[in-house]
Structure formats: structure tokens, C-alpha cells
Amino acid sequence: MPNHQINPNKWIDLYSDYLYNFTISRVSDRIIAQDLVQDTFLAGLKSMKNFKGEASERTWLISILKRKIIDHYRKINSIKGKAEVRITYNDDAESEGDWLEERVADPFDKTAEDTMENEELSDAIHNCLSKLPLRQAEVFKMKTIEGFETEVICNELNITASNLWVIIHRARTAMAACLKENWF
Amino acid sequence: MSCDEANHTCDKTQYKEASFWEKVKLNIHLIYCRACRDYTKNNTKLTKKIKVSKIECLDKQCKEKMKRDFEKVLEDQKF
Numbered sequence: 016m017p018n019h020q021i022n023p024n025k026w027i028d029l030y031s032d033y034l035y036n037f038t039i040s041r042v043s044d045r046i047i048a049q050d051l052v053q054d055t056f057l058a059g060l061k062s063m064k065n066f067k068g069e070a071s072e073r074t075w076l077i078s079i080l081k082r083k084i085i086d087h088y089r090k091i092n093s094i095k096g097k098a099e100v101r102i103t104y105n106d107d108a109e110s111e112g113d114w115l116e117e118r119v120a121d122p123f124d125k126t127a128e129d130t131m132e133n134e135e136l137s138d139a140i141h142n143c144l145s146k147l148p149l150r151q152a153e154v155f156k157m158k159t160i161e162g163f164e165t166e167v168i169c170n171e172l173n174i175t176a177s178n179l180w181v182i183i184h185r186a187r188t189a190m191a192a193c194l195k196e197n198w199f
Numbered sequence: 015m016s017c018d019e020a021n022h023t024c025d026k027t028q029y030k031e032a033s034f035w036e037k038v039k040l041n042i043h044l045i046y047c048r049a050c051r052d053y054t055k056n057n058t059k060l061t062k063k064i065k066v067s068k069i070e071c072l073d074k075q076c077k078e079k080m081k082r083d084f085e086k087v088l089e090d091q092k093f
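Protein chains in written order, with this note's numbering: chain A, 16 to 199; chain B, 15 to 93.
Any given hint could turn out to be false.
Keeping only pairs whose Cα atoms sit at most 16 Å apart, straight-line, the calculated EDC-like set for lysine to aspartate or glutamate is [said to hold, decoys possible]:
1) B/Lys74 to A/Glu171
2) B/Lys81 to A/Glu134
3) B/Lys63 to A/Glu134
Since the hints were made in silico from the structure, they are not lab data.
Given the structure is predicted, the values throughout are model-derived calculations rather than measurements.
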């Protein structure tokens, strides 16, 4: 028996940020990420009848998005002909005299492990955000993630500054409690 | 300073919006209030985690546009 219901009217409010964040870590281009997220929602809409309810809506949308990301790379590779990898740096006579350090991996560069941990952390933050009431999540994202000034948010959402700080306080308390178990 | 005020200042501090004197008063309050110390500790950790995660969100305008386009397709699909 299916456990999950599908409701496309709420997709963008509930999942767009999560899908966007998932995409941005894989394509590193904001515009392309936005397009891929949009395409995912549209593809989801077209294949709604295939949703069996076995997985959550979000998991189902992510599986569509993964295919979209693969298609995107396929497309750009076919445009280029094929992906080229050239390693000419070390044997080039012109590079003689270059600092040896330049050939060594940058210790401050992100390792695969860092990337994975960041991704897990982002997932955890999104999960916690999805548990907040919509208004709280919206204010929290604008203030904390997008970094808008208090005044801008108040004008945009038509709330007072004290109202904003009450919402922020509740959101931060809930977010800290949610993340505390695994991340603090 | 009451605990409510202390928490409010602590929230503002996370966004670098608390004044110097507010921060001084908060720190004095924290010396004797364990509950606010805990709140401040968790609040600061939350800020750090969000910074480290480099999490991003779609901006409101982009989301609105996405919604408009999506609703149009949703309407068309109904007919």
C-alpha cells in the first residue's frame, strides 16, 4: 500500500532549495542548477502517474534530478566532442624552474571527504529546515543563508523588526535542537 | 539584562547586528546564567555549521518565476 502522497502544488515551496543545493554541488553553475531544478519539476509533473508512493516525494524528485544532471553532462560532452584530459605540466621544458610546491596537492583544497561531509551537513540542515513552519523557514533562509538585511526582509514580508527577531529566535532554537544530536 | 534580552542580543550577535554595549551586557549575563550560556553555545554552533556547509538557497524572485512557469504547465495539464 502506498505510503506517500503526491502534491505538486507544494513542490517548489518544499523542495526547490533542497534540489538546488543538491545540483549546485554537482554542476557548480547557478544558472544551470536553476534550469535543472525547473526541468526536474516539469519532468516530475509529466510522469506523476509513475509515482508509486513507495519513496517520499523528495526522494522521487531527486532520482529525476540525478538523471537530469547526467543528461546535462552527456550533452556538454557531446558538444565538446569528448572530454579531454591533458597532463603536460611536469614534462614541459618551459616549466623548468617552477616551484616544486606547485606540483604538490594544495592542503587547503577540499578533499573528497570534506565535500562529502559538507553534503551530509547540507542535507541535515535542509531536513531540519523542512520541519520548520513555512514562514519561519522563509525568514530564517532569507536572514541566515541569503544574508538579507533585517529592513529588507521586513519590507519584503511586511513584518516588523521585532516580529522578525521573534521568528528568528524560534527558528534558531528549533534548528539547533534538530542539529544537536548529530552535528554539535 | 533579562534572559529574553540576552537571547535576543545573542541572536543579533549571530548576524553581527549587536552593539558593543549589548555584547558587554550579554557577556556579564552569561557569567551567572547557565541556561543562556547553553543557548549561546548552541546558537554559535548553528552559525558555524551553516557557514561551513556553504548551503545555498534559490532567491525569492527566481522561486516566484519558477512557480509561475510551473503553475502554467500544471494548469495546462489539467485540461
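Checked hints:
1. Between B/Lys74 and A/Glu171 the alpha-carbon distance is near 10 Å, which keeps this suggested pair within the 16 Å criterion.
2. Annotation: proposed proximity of B/Lys81 to A/Glu134 is violated, straight-line Cα distance about 26 Å (limit 16 Å).
3. Restraint check for B/Lys63 and A/Glu134: the C-alpha separation of about 12 Å stays at or below 16 Å, so the hint holds.
Comparing the model with each earlier hint shows a violation of hint 2 alone; every other hint is respected.
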